[in-house]
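Undergrad: Sequence:
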Amino acid sequence: MNIDLHSHFFPLEAFRSAAKHRDKAPQIILENGRYAVVSGGGKRGNLSAGAYDPEARIQELDSMGIDLQAISPSPILLFYRDQADAAAYFCRLQNEAIQQVVDAHPDRFVGFGSVPLQSPREAMVIAEEARRLGLKGLEIGTSVEGKPLDDAEFEPFFEAAQRLNLLLFVHPIEGGAEGTDPLTGMLGNVLEFPYRTTMMIERMILKGIFERYPNLRLCLSHGGGLLPYNIWRLDHAYHQRSEFRKNISRKPSQYLKQLYFDSIVHSVDTLQYLVRTAGPERVVIGTDYPMAMGDFEAVAKVRALGSVSEEERALILGKNAQRALGL
92 MNIDLHSHFF PLEAFRSAAK HRDKAPQIIL ENGRYAVVSG GGKRGNLSAG AYDPEARIQE
152 LDSMGIDLQA ISPSPILLFY RDQADAAAYF CRLQNEAIQQ VVDAHPDRFV GFGSVPLQSP
212 REAMVIAEEA RRLGLKGLEI GTSVEGKPLD DAEFEPFFEA AQRLNLLLFV HPIEGGAEGT
272 DPLTGMLGNV LEFPYRTTMM IERMILKGIF ERYPNLRLCL SHGGGLLPYN IWRLDHAYHQ
332 RSEFRKNISR KPSQYLKQLY FDSIVHSVDT LQYLVRTAGP ERVVIGTDYP MAMGDFEAVA
392 KVRALGSVSE EERALILGKN AQRALGL
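Here the sequence shown is numbered in the numbering used here, starting from 92 and rising by one per residue.
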């Protein structure tokens with residue numbers, strides 16, 4: 092079974108029917124015959140039918156060779172910029188809509204929800220609700236309005252995620268590189284997304300989050316950003332700088348075993364390096380469907396890997412994801 096752990100779903104009807112906080116609800120607009128969604132977190136336009144229609148999406152999954160897909164919110168729909176009460180409302184609305192899709196197609200989808208991390212206490216409540224709904228994980232951003240996730244304020248949430256056995260799917264928050272030319276937004280995606288993931292996870296490692304919560308599980312989008320390539324520099328710093336040893340008892344690379352890495356690195360050669368560094372038991376398929384920066388040939392790239400055994404290839408194609416999801 093080939094399982095995709097990185098995709099995004101837009102529950103348009105749920106937002107259209109929002110009964111509360113309508114002035115803050117994501118706007119759904121039609122542009123040149125295609126839907127776009129605008130929220131406080133940004134805009135996603137030119138949405139294909141598979142972005143919001145499960146039946147159209149299943150046809151695309153078949154063409155990509157994906158048997159089961161985790162559907163998660165768009166990062167513009169994490170609602171971190173909203174007031175906590177509005178964010179909680181829209182997270183609940185979105186979580187229920189995602190699980191409804193899963194319930195209608197249990198052989199093709201599992202669901203990841205969202206929580207209002209700007210209110211960790213409320214996030215814990217909604218995480219409990221998400222687990223009861225049947226969701227298998229939660230998507231979280233790499234920071235909350237500039238506050239790093241290694242801040243002590245978020246530790247109760249991580250403890251709850253560990254206790255609830257919810258996989259945390261990490262996706263960078265919107266934001267472009269500085270500048271006003273047409274490259275600004277795209278370079279934000281190409282450069283800042285991997286950087287933000289790297290900064291988040293290296294801070295969490297050095298702050299001892301994974302030391303204190305050994306069963307906490309994260310799946311890093313976009314191949315873990317720069318982490319697989321910078322981890323050796325981080326190990327060197329661990330040996331050279333005493334402050335890097337303050338909260339952890341072993342070198343940073345030893346914590347990679349608590350992380351999963353999706354395969355979205357856009358190159359078979361780079362994917363081979365990722366598998367060699369993280370281990371074949373820690374890499375999972377990611378497509379980022381339906382986003383333009385996704386990799387809709389993820390299965391083919393895994394099949395093209397020449398440095399893995401067939402048993403290891405099966406791990407990457409689906410068995411690792413089954414373990415991560417508790418299936």
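Be aware that one or more of the hints could be misleading.
Derived SDA-like pairs (lysine to any residue); straight-line CA-CA distance at most 20 Å [what the hints assert, rightly or not]: (1) K115 / D176; (2) K111 / H196; (3) K134 / N93; (4) K134 / G385; (5) K298 / L282; (6) K337 / Y320; (7) K410 / Q363; (8) K134 / D198; (9) K348 / S333; (10) K111 / D198; (11) K134 / K342; (12) K115 / E213; (13) K348 / Y320; (14) K342 / L325; (15) K410 / D173; (16) K410 / D198; (17) K392 / R367; (18) K134 / H196; (19) K348 / G385; (20) K298 / V359; (21) K348 / L274; (22) K238 / D173; (23) K410 / G397; (24) K342 / K410; (25) K115 / D198; (26) K238 / G299.
Hints listed in this document are in silico derivations from the structure and should not be mistaken for laboratory results. If you're wondering where the values come from, they're calculated on a predicted model, not measured in any experiment.
Undergrad: Each hint needs a verdict: does it hold in this structure or not?
TA: Hints, one by one, checked against the model:
1. K115 / D176: 11 Å, holds
2. K111 / H196: This hinted pair is violated, its Cα atoms lying about 28 Å apart.
3. K134 / N93: Violated, at about 30 Å.
4. K134 / G385: Roughly 17 Å between the alpha carbons, so the hint for K134 and G385 holds.
5. K298 / L282: Distance ~24 Å between K298 and L282 Cα, so the pair is violated.
6. K337 / Y320: Answer violated: K337 to Y320 is near 23 Å, above 20 Å.
7. K410 / Q363: Holds - the C-alpha atoms of Q363 and K410 are around 18 Å apart, at most 20 Å.
8. K134 / D198: Distance of about 31 Å is beyond 20 Å: violated.
9. K348 / S333: 23 Å, violated
10. K111 / D198: Violated: K111 and D198 sit about 33 Å apart, past 20 Å.
11. K134 / K342: Violated - the C-alpha atoms of K342 and K134 are around 40 Å apart, more than 20 Å.
12. K115 / E213: At roughly 19 Å apart (the allowed maximum being 20 Å), E213 and K115 satisfy the hint.
13. K348 / Y320: Given that 20 Å is the threshold and the Cα spacing comes to 16 Å, the pair holds.
14. K342 / L325: 8 Å, holds
15. K410 / D173: 37 Å, violated
16. K410 / D198: Holds: K410 and D198 sit about 16 Å apart, inside 20 Å.
17. K392 / R367: Since the Cα atoms of K392 and R367 sit roughly 15 Å apart, the hinted pair holds (cutoff 20 Å).
18. K134 / H196: 28 Å, violated
19. K348 / G385: With Cα atoms ~25 Å apart, K348 and G385 exceed 20 Å; violated.
20. K298 / V359: 33 Å, violated
21. K348 / L274: With Cα atoms ~36 Å apart, K348 and L274 exceed 20 Å; violated.
22. K238 / D173: 15 Å, holds
23. K410 / G397: 19 Å, holds
24. K342 / K410: 28 Å, violated
25. K115 / D198: 34 Å, violated
26. K238 / G299: Distance of about 17 Å is within 20 Å: holds.
When each numbered hint is compared with the structure, violations occur for hints 2, 3, 5, 6, 8, 9, 10, 11, 15, 18, 19, 20, 21, 24, 25.
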